[in-house]
Amino acid sequence: GAGVSQTPSNKVTEKGKYVELRCDPISGHTALYWYRQSLGQGPEFLIYFQGTGAADDSGLPNDRFFAVRPEGSVSTLKIQRTERGDSAVYLCASSLRRENTDTQYFGPGTRLTVL
Amino acid sequence: AQSVTQLGSHVSVSEGALVLLRCNYSSSVPPYLFWYVQYPNQGLQLLLKYTTGATLVKGINGFEAEFKKSETSFHLTKPSAHMSDAAEYFCAVTLSGGSNYKLTFGKGTLLTVNP
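Keeping their order, the protein sequence lines are chains P and L.
Each residue of the first sequence is one higher than the last, beginning at 1 in our numbering.
Each residue of the second sequence is one higher than the last, beginning at 1001 in our numbering.
No wet-lab data here; the hints were simulated from the structure.
Positions of the beta carbon are idealized from the N, C-alpha and C atoms, including for glycine.
Any given hint could turn out to be false.
[To be verified] Straight-line alpha carbon distances no greater than 25 Å define the calculated DSS-like cross-link-like pairs of lysine-lysine that follow:
# : chain 1 : residue 1 : chain 2 : residue 2
1 : L       : Lys-1102  : P       : Lys-78
2 : P       : Lys-11    : L       : Lys-1107
3 : L       : Lys-1102  : L       : Lys-1069
4 : L       : Lys-1068  : L       : Lys-1058
5 : L       : Lys-1049  : L       : Lys-1068
6 : L       : Lys-1049  : L       : Lys-1069
[What the hints assert, rightly or not] Pulled a few chain P residues facing chain L out of the computed Cβ check, cut under 7 Å:
#  : residue
7  : Tyr-18
8  : Gly-28
9  : Gln-41
10 : Phe-45
11 : Gly-51
12 : Thr-103
13 : Phe-106
14 : Gly-107
15 : Pro-108
Take these sequences, add in the hints, and give me the full structure.
Structure representation (structure tokens):
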């Protein structure tokens, strides 16, 4: 079946602009996660959705970052007033979340470059 | 809080040689441990995970890892490297308690396989 998809695969923007990154999880997965992977680093947790609600947004770096999942499926990560330090690969993952140790399935990521 | 240290940002082996990728963790509670592989332009793929029970865990593509609590380690091994194993490998940990969805990753180890 189809895996997690993310669009766009690459996004180049200018400092100060607004961007939206989209994630389509695996059908039927109730849990959705966003991570950020900076150059030379491992992914870092940003936010976790269970259904439509953000169950844990403790990883969002500041209030310029916001994510939504209005119908419990597709999610959008929104970044306002982008800064050069926001340049990274943004990864989305989803899982069934039927047990404590379920597997998170990752998408290929969106590479964001802020000039 | 938990953390992961991967020793060696780059490991190079010959085809057919043993692969050993090192991972040490710190955790205040019993951890769940994971190894993910990332091929170029693809999402992270789960190789194997340890939650409870048998400390030697077998995964896909001939990889295995052993949880050693006394050494706080979860090293990844494969007896004989194949060219297709060339990729970046990430060790990750979550807590076994309520926040067990929040993966904390190491910085990754790039594995190259020489013919």
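Results of checking the hints against the structure:
The straight-line distance between the Cα atoms of L:Lys-1102 and P:Lys-78 is roughly 20 Å, inside the 25 Å bound, and the hint therefore holds. Simply put, P:Lys-11 and L:Lys-1107 have alpha-carbon atoms about 24 Å apart, close enough for the 25 Å limit, and the pair holds. Of the pairs offered as hints, the one joining L:Lys-1102 and L:Lys-1069 holds, with about 21 Å between alpha carbons and a cut-off of 25 Å not exceeded. A hinted pair counts as satisfied when its Cα atoms are at most 25 Å apart, and L:Lys-1068 with L:Lys-1058 qualifies at roughly 15 Å.
Pair hint L:Lys-1049 plus L:Lys-1068 holds up; C-alpha atoms about 14 Å apart against a cutoff of 25 Å. Using a Cα cut-off of 25 Å, the hinted pair L:Lys-1049 and L:Lys-1069 holds, with the two alpha carbons roughly 15 Å apart. Interface hint at P:Tyr-18: violated, since its Cβ lies 26 Å from the closest Cβ of chain L, which is beyond the 7 Å cut-off. Nearest Cβ of chain L to the Cβ of P:Gly-28: about 17 Å, over the 7 Å cut. The hint is violated.
The beta carbon of P:Gln-41 is positioned within 7 Å of a beta carbon in chain L (closest approach about 6 Å), and the interface hint is therefore held. For P:Phe-45, the interface hint holds, the least distance from its beta-carbon to any beta-carbon of chain L being 5 Å, beneath 7 Å. Look at P:Gly-51: its Cβ only gets to about 13 Å from chain L, farther than 7 Å, so that hint breaks. Of the supplied interface hints, the one on P:Thr-103 holds, with its beta-carbon coming within about 5 Å of a beta-carbon of chain L, less than 7 Å.
Given hint, P:Phe-106 at the interface with chain L, holds; its Cβ is 4 Å from that chain's nearest Cβ, closer than 7 Å. With a least beta-carbon distance of about 5 Å to chain L, the hint placing P:Gly-107 at the interface is held under the 7 Å criterion. Below 7 Å, beta-carbon pairs count as interface contacts, and P:Pro-108 has one with chain L at about 5 Å; its hint therefore holds.
This entry does not satisfy hints 7, 8, 11, going by the numbered hints stated previously.
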